[in-house]
Amino acid sequence: MPGGMEDYSIIADKAIMMLSPYMDEKLTIENIGIVEDFSPNPGAWQIIESDSTIVCSLYEESGGLLEAVSNFAGERFEGISERDALDAAAELLNYISGAYAKEMSERGTACELQPPDYGNKLKKFSAVKICRVRLKTGKSKMGISIGVLDI
Amino acid sequence: MSGILIVDDSKTSRKLLRELLEDNGFTIIGEAENGEEGYQMYKSLKPDLVTMDITMPRMDGIECLSLIRHADENAKVIMITAAGQREKMVEALKRGAEDFLTKPFDANRVIETVKEVLDMG
Chain A
1 MPGGMEDYSI IADKAIMMLS PYMDEKLTIE NIGIVEDFSP NPGAWQIIES DSTIVCSLYE
61 ESGGLLEAVS NFAGERFEGI SERDALDAAA ELLNYISGAY AKEMSERGTA CELQPPDYGN
121 KLKKFSAVKI CRVRLKTGKS KMGISIGVLD I
Chain B
1 MSGILIVDDS KTSRKLLREL LEDNGFTIIG EAENGEEGYQ MYKSLKPDLV TMDITMPRMD
61 GIECLSLIRH ADENAKVIMI TAAGQREKMV EALKRGAEDF LTKPFDANRV IETVKEVLDM
121 G
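Residue numbers (the numbering used here), protein chains in the order written: chain A, 1 to 151; chain B, 1 to 121.
Please keep in mind that the hints were generated in silico from the structure rather than gathered at the bench.
Only a predicted model underlies this, so the values are computations on that prediction, with no experimental measurement involved.
Fair warning: there could be bad hints in the mix.
[Claimed, not checked] Incomplete in silico selection of chain A near chain B, CB under 10 Å:
| id | residue |
| --- | --- |
| 1 | I29 |
| 2 | G33 |
| 3 | A73 |
| 4 | E103 |
| 5 | F125 |
[Stated by the list, open to error] Derived Cβ-Cβ restraints for the label pairs, each shown as a range:
| id | chain 1 | residue 1 | chain 2 | residue 2 | range |
| --- | --- | --- | --- | --- | --- |
| 6 | B | K43 | A | R83 | 27 to 33 Å |
| 7 | B | K43 | A | T28 | 49 to 55 Å |
| 8 | B | D106 | A | E49 | 36 to 42 Å |
Cβ atoms here follow ideal geometry from the backbone N, Cα and C, with glycine treated the same way.
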């Protein structure tokens, strides 16, 4: 994880912890980096307000998010663009944000979670230092993007 | 058998909670996807218990809880939210919520809490 980005590191850690039960045992981090924009791919996003305003998103790359949400919700979806699949992605993201908020609360920083949202194209956010974590399993890939909103 | 109303904007969350409660013998008599709908369904269905998500668009769970408790001071409402939202939980308990549950759901804790609130524990 790039230096000085502890919040991002905690969120990424919680995301992998929450996602791993729903993905195959070959789940690994493919790469981590700073990027210019959030991925426009289908997915879910959520705003977390504390000392700064953070947006966190889960997005599809090649079947990884679909795999995770199908196992999480206990049903087979036609594709990640299906409304119910994206709803499941948003709920899974809510768990991740909640785990982050709990850890921050234990460290003395209160966080307020906005309702998660989802879509076939990520809402436009103006953020600085967007961190992208790409995950891969034996047969699929998905991503996590985390950024501090520029407001 | 007691009837339960689930109020949550996430269809996935409603499904997971419905399956857990039905597998343990409880009856779900309705589902609402926001506070406004939850309040209307409370008035029409008169459930024995409401599980109420806090973070919802349009009308959140705390506002809906207040309306329900204003209309029926004996209403039994269990609040549900993601982890780490302690201040909101405290606010909900002050406004008359019976108890609270955090996501991800711990199946045993959900069943124990529902039974206790319904005086079945």
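Worksheet item: Looking at the structure, which of the earlier hints fail to hold?
Response: Numbers 1, 2, 5 and 8 - these are the hints that the structure violates, sorted from lowest upward.
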